[in-house]
Every structure is written in C-alpha cells, then in structure tokens.
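Colleague: Sequence:
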Amino acid sequence: MAEDMDSADTQVGDVDSSSNASLPEPSKESSRETTPESVPTNDQSDRPKPKKRLTLQERLAQAAKGKKKPSSTTPTSLSRTTSNEDQKPDLDLQMEIERLKLENSALTKKLNHKSNFDKERNDLIAKLASKDETIEQLRKEGEALSLKELKLNESIKKLKLANQDLEENIRDYSVKSEESSMKLEELTDFLKTHKFKTIDQVVSKYEEVVKELEVAKAGLENSHTWETKYNELVVSHEEANAAKKELLKETNEVKIELNMLKRQHKLEIESKNATIKELKSQMSASKQSFAQEISRLEDKIETLRLENESNETVSENVNEDGKVDFDEFSKLSEAHRILQKQYLSSQENWKAIESNLSLKVDNLSSSVESLKKSKHKLTQDLAKVNNSMHLQLKEMEKLEQDKIKLQEERNQLQLTVEMKENEIVEITEKFEKFKGIYNQERAALNSKIQSLNDKIKEEKRPERLNLIRDNSVSSGFSWDNEIKLGESSTTPAINRDFSTFLDRNISSSSFTEIGDDIDDREQYSFTGQLAPPVGGGVPASSHSNNIQLVNKMSSNIRRLEIELNTLKDEYSKISTEKEKVEQELLESLKLTDEIKLLHSELDSLKSVIKDKEIQEQRMLELIGEKSEQVEELKADVVDLKELCKLQVQQLVEQSSRV
Numbered sequence: 001m002a003e004d005m006d007s008a009d010t011q012v013g014d015v016d017s018s019s020n021a022s023l024p025e026p027s028k029e030s031s032r033e034t035t036p037e038s039v040p041t042n043d044q045s046d047r048p049k050p051k052k053r054l055t056l057q058e059r060l061a062q063a064a065k066g067k068k069k070p071s072s073t074t075p076t077s078l079s080r081t082t083s084n085e086d087q088k089p090d091l092d093l094q095m096e097i098e099r100l101k102l103e104n105s106a107l108t109k110k111l112n113h114k115s116n117f118d119k120e121r122n123d124l125i126a127k128l129a130s131k132d133e134t135i136e137q138l139r140k141e142g143e144a145l146s147l148k149e150l151k152l153n154e155s156i157k158k159l160k161l162a163n164q165d166l167e168e169n170i171r172d173y174s175v176k177s178e179e180s181s182m183k184l185e186e187l188t189d190f191l192k193t194h195k196f197k198t199i200d201q202v203v204s205k206y207e208e209v210v211k212e213l214e215v216a217k218a219g220l221e222n223s224h225t226w227e228t229k230y231n232e233l234v235v236s237h238e239e240a241n242a243a244k245k246e247l248l249k250e251t252n253e254v255k256i257e258l259n260m261l262k263r264q265h266k267l268e269i270e271s272k273n274a275t276i277k278e279l280k281s282q283m284s285a286s287k288q289s290f291a292q293e294i295s296r297l298e299d300k301i302e303t304l305r306l307e308n309e310s311n312e313t314v315s316e317n318v319n320e321d322g323k324v325d326f327d328e329f330s331k332l333s334e335a336h337r338i339l340q341k342q343y344l345s346s347q348e349n350w351k352a353i354e355s356n357l358s359l360k361v362d363n364l365s366s367s368v369e370s371l372k373k374s375k376h377k378l379t380q381d382l383a384k385v386n387n388s389m390h391l392q393l394k395e396m397e398k399l400e401q402d403k404i405k406l407q408e409e410r411n412q413l414q415l416t417v418e419m420k421e422n423e424i425v426e427i428t429e430k431f432e433k434f435k436g437i438y439n440q441e442r443a444a445l446n447s448k449i450q451s452l453n454d455k456i457k458e459e460k461r462p463e464r465l466n467l468i469r470d471n472s473v474s475s476g477f478s479w480d481n482e483i484k485l486g487e488s489s490t491t492p493a494i495n496r497d498f499s500t501f502l503d504r505n506i507s508s509s510s511f512t513e514i515g516d517d518i519d520d521r522e523q524y525s526f527t528g529q530l531a532p533p534v535g536g537g538v539p540a541s542s543h544s545n546n547i548q549l550v551n552k553m554s555s556n557i558r559r560l561e562i563e564l565n566t567l568k569d570e571y572s573k574i575s576t577e578k579e580k581v582e583q584e585l586l587e588s589l590k591l592t593d594e595i596k597l598l599h600s601e602l603d604s605l606k607s608v609i610k611d612k613e614i615q616e617q618r619m620l621e622l623i624g625e626k627s628e629q630v631e632e633l634k635a636d637v638v639d640l641k642e643l644c645k646l647q648v649q650q651l652v653e654q655s656s657r658v
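Numbering (the UniProt record's numbering), first residue to last: 1 to 658.
Check each hint, because a few of them may be wrong.
When the alpha-carbon atoms are kept at most 27 Å apart in a straight line, the in silico DSSO-like pairs for lysine-lysine are as follows [claimed, not checked]:
1. Lys183 / Lys277
2. Lys645 / Lys341
3. Lys277 / Lys610
4. Lys573 / Lys590
5. Lys183 / Lys457
6. Lys596 / Lys580
7. Lys244 / Lys568
8. Lys277 / Lys433
9. Lys158 / Lys634
10. Lys457 / Lys244
11. Lys573 / Lys244
12. Lys211 / Lys160
13. Lys341 / Lys160
14. Lys552 / Lys573
15. Lys455 / Lys158
16. Lys183 / Lys596
17. Lys394 / Lys140
18. Lys131 / Lys455
19. Lys645 / Lys151
20. Lys596 / Lys176
21. Lys590 / Lys255
22. Lys101 / Lys394
23. Lys448 / Lys160
24. Lys590 / Lys266
25. Lys266 / Lys183
26. Lys160 / Lys573
27. Lys596 / Lys249
28. Lys101 / Lys277
29. Lys398 / Lys140
30. Lys131 / Lys148
31. Lys148 / Lys634
32. Lys148 / Lys552
33. Lys114 / Lys398
34. Lys341 / Lys157
35. Lys127 / Lys114
With beta-carbon atoms standing in for the labels, derived distance ranges [said to hold, decoys possible]:
36. Asn453 / Met260: 48 to 56 Å
37. Gln617 / Glu149: 24 to 32 Å
38. Glu208 / Arg171: 34 to 42 Å
Please keep in mind that the hints were generated in silico from the structure rather than gathered at the bench.
For glycine and all other residues, C-beta sits at the position ideal for the given N, C-alpha and C.
Could you build all of it, start to finish, from the sequences and the hints given here?
Modeller: Quick look at the structure:
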C-alpha cells in the first residue's frame, strides 16, 4: 500500500512538472491574440470539452507543487513565448493540447486511485474487526483448555491413587493366599493322621465309648464271676473294634473330601494368579505403549521445533527467547487458520481488483486510441482552439480554485494514510507478539513433555521398589509360617500330655481298687488256712485236704492273676484308644473352627476379587480414554505440523514479495 502511494506521488510530481512547464504559454498567447478574426463559429460546441480534460491526478500534481515554483517559472516561459511567438504558433498549440491531455489522464488516475484507497481502507477495517473477534475467541478457548488441563491433572492423580490401592490389595491377597495355603496343608496333615468324616459323628462315638467304659466299670464292680466279666469285656472289645473300623472308613471319606476341596482351592488360586499375571502383563504392555507413543510424540515435536527454527532464520520478526504454553499454542494455531482463510479471501479480492484494473486499463487504452483519433481532429480544429482561449482562461481560474480544494483533500488523505500506516505498524507489532507467544508456548510444551518423561521414569522406579518389597514380604511370610507350623506341632503335644495324665489317674485308681479286692481275698484265704493250727490239733486228713485246698486256691490265684494281667493289658489298650479318640475329638473341633474360618476367608476373598474386577474394568476404561486422548493429541500434532508448514510458506512468500 505504501509503495502504491509512493508511485502515485512520483507520477503526480511528473505530471505537475509538465503542467507547470506548459502553463504560462497559453496565458501569453491569450494576451497576444485578442483579435476576433481567429474566433471560429462553433465556439459554443467546444466550450464543455476543456472541463473534461483536467484529471484528478493532474490536479493533485498541481497541488503537490507549491505556488512559488509556478510563479518563478512564469517569466522564463513568457520570455520564451515572446521570442517564439512569430515562429512557432502551431507547436505551442500542440504543447498545450498535450498538457491538457496529460492533466486529463492524471485526474482520471487520481479518481481511480481514490476509489481504490477507500476500498482498501474498508478492507483493513474489516480485517481489524475480524482479528479482534479471533482474539476474543482465542481467549475463551484458552480458558476452556486451562479448565480441561486441570480436570486431566485431577484424573491423573486419581489414577495414581487407584494404582497404589490396587498394589496394596495385591499384596494383601498374596499374604492371605499364603496363609490359606498353609492352613490347608495343616488341615490335610491333620486329616491324614486322624480319619474322620464329621465332628458330630466323632462326638457321638466318643460318648458311646465313654458309656461303654462306664458300663464296663459297673460290670467289673458288680460282677461276681470273672468269666461273665471277661465275656462282657470281649463283647465290648469287639464293639470297639467295629467302631474303630467305622471310624477308619469315615476318616477315609473325610480325607477324600478334603483332597477334593484342596484341589478346588488350588485350581481357584491358580486361576486367580493367572488373571493377576495377565493384568500385570497388560499393565506393562500399556505402559510400554504409552512410553513409545510419548517418545514418538517427542520426536515429532522435536522435528517440528527444528523446522520452526530453520524457518525462523528466514523470518526477520520472530523472537527466539519466548516460552509458550500448549493451550496458547493451540489458540495460535486456530488463529493462524483464520488468518490463512482471511489471506485466501484477500487474495481473491486482490485478484478481483486486478481484473477490474485490467478492465480499466483496457478502457484507458481504448480511450487513448480515441484521443489519438481526436488529435487529428484537434489539428484541424486549431483555429477553433485559438478562439476558445478566453474561455480556457476562465476555466483555469476555476481549476486553480479546484486545485486549492484538492490540496485540502490531499492533506486530509495524507492524514488518513498516516493513520493507516500507524495501524499497519500496530498490526505488525501484534503479529510479532503472537509469534513470540507461539515460540514461548512451544518451549513450554517441550518442557512439559520432558517433565512427563521424568514422571514416567519416577513411576517406573516405585514399581521396582514394590517388587523388591514383595519379595521381602514373601520371605517374612515364610518365616511366620514356619513359626506357625512349630506352634501347631507343639499344641497337640500339650493336649496329649494332659489327656494321658487324666487317663493315668483314672487307670491307677481303678487298678488300686482291683488290687484292694484281691488283697482282701488273699487275707481271707490265708486266715482260713492258719486258723486250724491256732485253734488246736487237726487230723492229717483234714490237713491234707487243707493242702489240696491251698494248692487249688493257689492255682486259682495264679489263673486269676494271669487273667488280671490280661485284663490290665486290655485296659491299657482301651485307655490308649480312649486317649487317641480324645485327641481326635480335639483335633476335629479345631478342624471345624479352621474350616469355618476358611469359609469366611473364602467369602471375603470372593468379595475382594469382585471389587478387584470392578477396579480392573474401571482401569481398562480409563486406559481406553487415555488412548483416545493420545490419538486426539496425535491428530492435533499433525494439524499443528501442517499449520506450521503453511505459516512458513506464507512467511517465505511475504519475504519474497518484500
């Protein structure tokens, strides 16, 4: 625009110089030729033509030149005309005609230039309004993007907390699974040693055995004959053997059921471990994919930065010291798109203006041809022009007045041009500021990407530490399990000692009672043997009979002693079996308690697994959302790359034009 104005000023100056050089000659001729002989008959038809000859450019050229220059040049031109009046009247007329033609062309060009200037001013006003609207839109979008960034930061914090909770839950599950496996091993060992099916059966059998023992004791105390007692003991022994066989069958069945439960539990644990491994692998794969995508984005951003740096060497108005936020970068990209659209529309407008100007040039060329034709006519009408000089003098006065008006208009136009130039300077400053903000945002994006990489590395380090802690925790749990095994092995021994102590007291009391009865009988028999000698003399037959009775009694006593020893052995066996049954009862009670605890733990584990599955689904959803966001960021990066390329092309074009 400024170049066009400078070219117009130069053209106006040239026209003004030519017009000033030719102005004094017609004035001299008008003073010389005042005779009415040269006035033609058609003066009235030629009077309106001189008004059309003066153009706006010629008037501006005359206004650009001061009043001093035409006043200084008039005496020289007068002297020249006086010297050449008699010799070259035709040449003077031709010069005057050419001057008028030049003035006409200059004025027409000035009018066209004024209309173009008004159009350009309106275009600049519209551009400023559109730029203000884009600035407001960018500000609003920046606020929205800042809110989105805050929401994303909050979601990232929530995800980190959820990840920590999941890791803690996994540790708790590993601890609980190890404890449950240890308890299952203890249960299997207990069921292997003691063969029971249900606790109620064991309790009922224990009560039956106790009743049988009480019956046996009552029979031993109330029986008068050893044979009946022996038979009853044999019967009770057979019943005890049958009960023992039944108990063995029941314990085998319980063992089978426990093996089935153990297998089911192992299968469940294996499935859970497999799911945990799969989830861990998925998490690691997702982390690797995120790391790869982030590295790829970093490479792309570095390439963009290198391209921008190479383009900044071409552009002269780019500030290299700025740092930019990603949100403002997106704003600038959108502003760049809008400016590009405006640039394309302005190009179309300029093309339309060029087409209009070409049409005007064609019209002017046609008018030039018509003027050439009229030139021939004017050579024929020189006599008519000589007669119309008086009218031209009057018209010249009017033109001088018009010149003054045009000077005032020119001053106003110069003021408006200066205003527009100031506006253009402000727009260029804003453009440079936007470029600086763009560079700042880009640098800020690079810093943010580096911070994200550092955060990812820091998040990977705690995972390694957690693995080391898990190994240490597992070693600690193995130590605790060893202690628990030791404790479980010692507690039954205490119960056995206590039960044997009770059984020994019972057996010793019973045997003391039996021994007292035998001593009483022996004393009774010996007193019977010793009584006759004390009483007086006894015949030999009675003595021999007594000896036989004593021998019989001694044989009976020996037999009874043998039977008593056998009974003692059987009683000791029964007492040992009783101790075993008591131990089995205690162990079965422990088993029932442990089974109940295991069932409760299984229920809790199932609930925890359900919660974990829900959390896994949430994590998968969040991962999907993050992947979508990454794809959106990729698309944004591609768009930004294209915008940067377009911006660089435009800058190159502008630099080439300048």
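Colleague: Among all the numbered hints in the text so far, which are the ones the structure does not match?
Modeller: Hint check: 5, 8, 10, 12, 13, 14, 17, 18, 19, 26, 28, 29, 32, 34, 38 fail, others pass.
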